[in-house]
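S.K.: Chain residues, written in single-letter form:
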Amino acid sequence: MNKIEAKNVDVYYGAKQALFDINMDIEANKVTALIGPSGCGKSTFLRCLNRMNDVIDICKVSGVVKINDYDINQKDTDVVRLREKVGMIFQKPNPFPKTIYENISYGPEIHGIAQSKSEMDNIVEESLRKAALWEEVKDRIHEPGTGLSGGQQQRLCIARTISIKPEVILMDEPCSALDPIATAQIEELIDELRKEHTIIIVTHSMSQAARVSQNTGFFHLGKLIEVGSTDKIFKNPTQQQTQDYITGRFG
Amino acid sequence: MNKEERLIKRYKAEKRFQFYGKAAIFMALLFLLVFLTKIFSTGYTAFQKTWLVIPVNYNADLLYLDPDKKPTTEDINDADFYEFGIETFISLDPDASEDQIMELKKMFAFTFERELKYYLLDNLDSFGKTVDVKLTASDDLDQVFKGNYPRDIPENRRRASDYQLKIFDKLNEDGRVISEFNASFFTNADSREAELAGIASSFMGSLFSILVCLSIAFPVALLAAVYLEEFAPKNRFTDFIEVNINNLAAVPSIVFGLLGLGVLLAVFGLPRSTPLVGGITLSLMTLPTIIIAARASLKAVPPSIREAALAMGASRMQTTIHHTVPLALPGTLSGTIIGLAQALGETAPLILIGMVAFVNTIPGTPMDPAASLPVQIYIWAESAERGFVEKVSACIMVLLFFLIFMNLGAQLIRHKFEKKWN
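Chains A and B supply the protein sequences, listed in that same order.
Note that the first sequence covers residues 5 to 255 in the numbering used here.
Note that the second sequence covers residues -7 to 414 in the numbering used here.
Hints are computed from structural coordinates only; laboratory data are not their basis.
Be aware that one or more of the hints could be misleading.
[To be verified] Think about it this way: if two alpha-carbon atoms lie no more than 30 Å apart in a straight line, the pair counts; the simulated BS3-like pairs of lysine-lysine are:
hint, chain 1, residue 1, chain 2, residue 2
1, B, K158, B, K98
2, A, K96, B, K226
3, B, K(-5), B, K7
4, B, K138, B, K30
5, A, K64, A, K34
6, B, K291, A, K96
7, A, K169, A, K64
8, A, K96, A, K227
9, A, K89, A, K134
10, A, K70, A, K169
11, B, K226, A, K64
12, B, K226, A, K20
13, B, K291, A, K64
14, A, K142, B, K408
15, B, K408, A, K96
16, B, K226, A, K79
17, B, K291, A, K102
18, B, K291, A, K79
19, A, K11, A, K239
20, A, K142, A, K121
21, B, K291, A, K20
22, B, K408, A, K102
[Unchecked claim] Some but not every residue of chain B turned toward chain A, in silico, with C-beta under 7 Å:
hint, residue
23, K226
24, S296
25, A303
26, M304
27, S307
28, Q310
[To be verified] Counterexamples of contact, computed for chain B against chain A with all Cβ distances above 10 Å:
hint, residue
29, K61
30, K62
31, D91
32, R106
33, D114
34, T122
35, L215
36, F260
37, E374
Note that the structure is a prediction, hence the values are computed from the model and not measured.
Cβ coordinates follow ideal geometry from the N, Cα and C atoms, glycine included.
Just chain A, same shape as in the assembly (with noise of 0.2 Å):
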């Protein structure tokens, strides 16, 4: 079953077109990773499905991203239950100023999930195992999240995201500003989280995708090239460019 779907999404910057005609399904429970050189549009893409492009003032989206059937891009959808639905992870960590705990608190508290304290308590250990964080921040759960490193910070932004049990987790590059550990840390990471949740993942690194996905999407110039498994893609894809990319002739 699709979780996604995207039908002749079109999106501008002002009077720059930079997203067309997108049509782009998405399976459920699965790694969908979108490829492609900078500036292709997939980041925009990804904002698309959490109508995070909506904080920019000039930028237009049309077109219909269903989710679970439903289309997101209605006047009346409301924001608010859309992102308590599909969570994000930003290309650079951006913890709250706040304590570890208040960071993962935050959500359940602004959605009302926690009734009591202990159910909080509970939640903000378990959001915190399932990001594989929890042994290393248990003893200082009450220090400020800014003060963890890098890897260690972009786990507790993904803690963060799941401690309101998202259906589907967006991550915009979430390892291009890690190191090489942190960021396996991460990809097995993703791989045990797409259990529970449906993942999209924007990343430059064709590695990463390879590693991680199992389908994938190539993006250029603001077109979806080509979409497909990630083994077809990378091993036989049918269109010249994603070749040429694939085998890193331009990009």
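Following the hints, position chain B against chain A.
M.R.: Relative to the frame of chain A, chain B by itself:
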């Protein structure tokens, strides 16, 4: 020119450049030093007050009271201490002529009646005895004692006569002239007599004005800044508002005074000369300063924090209230304190709304007439009496103390509550 010469020339140019910079700093510090030295050397004497200690005979006959009965508080309150005071002064020089008696009286502040009365009320057992009582010296003798008054100019050109100086010197030899900390400078309201004038009224006036100013300007400015920065669409209209806020910050303060006069007093009929009106007028002036500071601090909050909150499903209002505003608050608060410090030192708008009036009562609420510290400086600086010279400097010192104190507070808030993020 070869390479070697070029190098030497470059080194010299660099040294010269640094020297200019150091010279500029030295100049600035020198100005500051001269300014502070002048104010402190003139003003520090205002914190001392000169008293004349004279023997007073609380004789029942002189007070027209019954000598055999201990007087009640009421009796003393009803008694005439003016004649009694004159009799007491005559005892300093029993041979004094009519004119000289008047001169004797002028050696003391006009409050001598009250001072004599209160001494007796506080020490009822002095009744019928001769005791030493401390009376406030006139401002002329006060200045003579502090050495601020030239004694060698011809008698007709100075206010303290030869006769007064003679009596004063005799008292001084007997150790009957004392100088003590001038508490009344802080507890008295303004007075026409320099030796009695204090800053209590203007201090309270300033305090109330600043409180009114803060309680109006801060919430309004914060809401305006948050709306403009976080919610308002960016279009021509908001650009127009932004330009006008910046213009408002550059409007001379006296214009705001005219506004206060024309609108608050004339249209709304608010009470003249009150800290309420002063505070509202000052808040109009402070508003753009705080808005600009708040917007700058809101802009400095990294967008990644907003995105993090929005992506967690926080609404825009929740994002703003939970994350953006708390992070922008330290910068906003220090901007607010700078704005208030400006308002505290403002004179022109207050003069227009009537806070320049002579107020000899201490205001208890913002609705009572009051002066303010900078206006008090202005009023005293206009006064002819020599005793006000040191008061002006002393008042400037008090004002400076508060300005420095507020600026330090702003620095402290900025350093202490500023959150660090990478």
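S.K.: Measuring from the C-beta of S296 (chain B) to each C-beta in chain A, is the shortest one below 7 Å?
M.R.: Given a least distance of 4 Å, the restraint on S296 (chain B) holds.
S.K.: Hey, does the K226 (chain B) contact hint survive, CB to chain A under 7 Å?
M.R.: 6 Å, holds
S.K.: Sort out whether K102 (chain A) lies within 30 Å of K291 (chain B), counting only the CA atoms.
M.R.: 20 Å, holds
S.K.: Grab the minimum beta-carbon distance between D91 (chain B) and chain A and tell me whether it stays above 10 Å.
M.R.: Nearest chain A Cβ is 79 Å from D91 (chain B), so the label holds.
S.K.: At 10 Å, judged by beta carbons, does R106 (chain B) keep clear of chain A as stated?
M.R.: 61 Å, holds
S.K.: Decide if the proposed pair is consistent with the structure: K226 (chain B) and K20 (chain A), CA atoms, cutoff 30 Å inclusive.
M.R.: At roughly 19 Å apart (the allowed maximum being 30 Å), K20 (chain A) and K226 (chain B) satisfy the hint.
S.K.: Does S307 (chain B) pass the interface check with chain A, least Cβ-Cβ distance below 7 Å?
M.R.: 5 Å, holds
S.K.: Holds or violated: are the alpha carbons of K96 (chain A) and K227 (chain A) at most 30 Å from each other?
M.R.: 25 Å, holds
S.K.: Just to be careful, I want the Cα atoms of K291 (chain B) and K64 (chain A) compared with a cutoff of 30 Å; is the pair within it?
M.R.: Holds - the C-alpha atoms of K64 (chain A) and K291 (chain B) are around 23 Å apart, at most 30 Å.
S.K.: Report holds if the minimum CB distance from T122 (chain B) to chain A is greater than 10 Å, and violated otherwise.
M.R.: The claim stands: T122 (chain B) keeps its Cβ more than 10 Å from every Cβ of chain A (closest is about 74 Å).
S.K.: Going straight from one Cα to the other, do K142 (chain A) and K121 (chain A) come out at no more than 30 Å?
M.R.: With Cα atoms ~17 Å apart, K142 (chain A) and K121 (chain A) stay inside 30 Å; holds.
S.K.: Taking 30 Å as the top limit, are the C-alpha atoms of K408 (chain B) and K102 (chain A) close enough?
M.R.: OK: K408 (chain B) and K102 (chain A) at ~15 Å, within 30 Å.
The structure meets every hint from the earlier list without exception.
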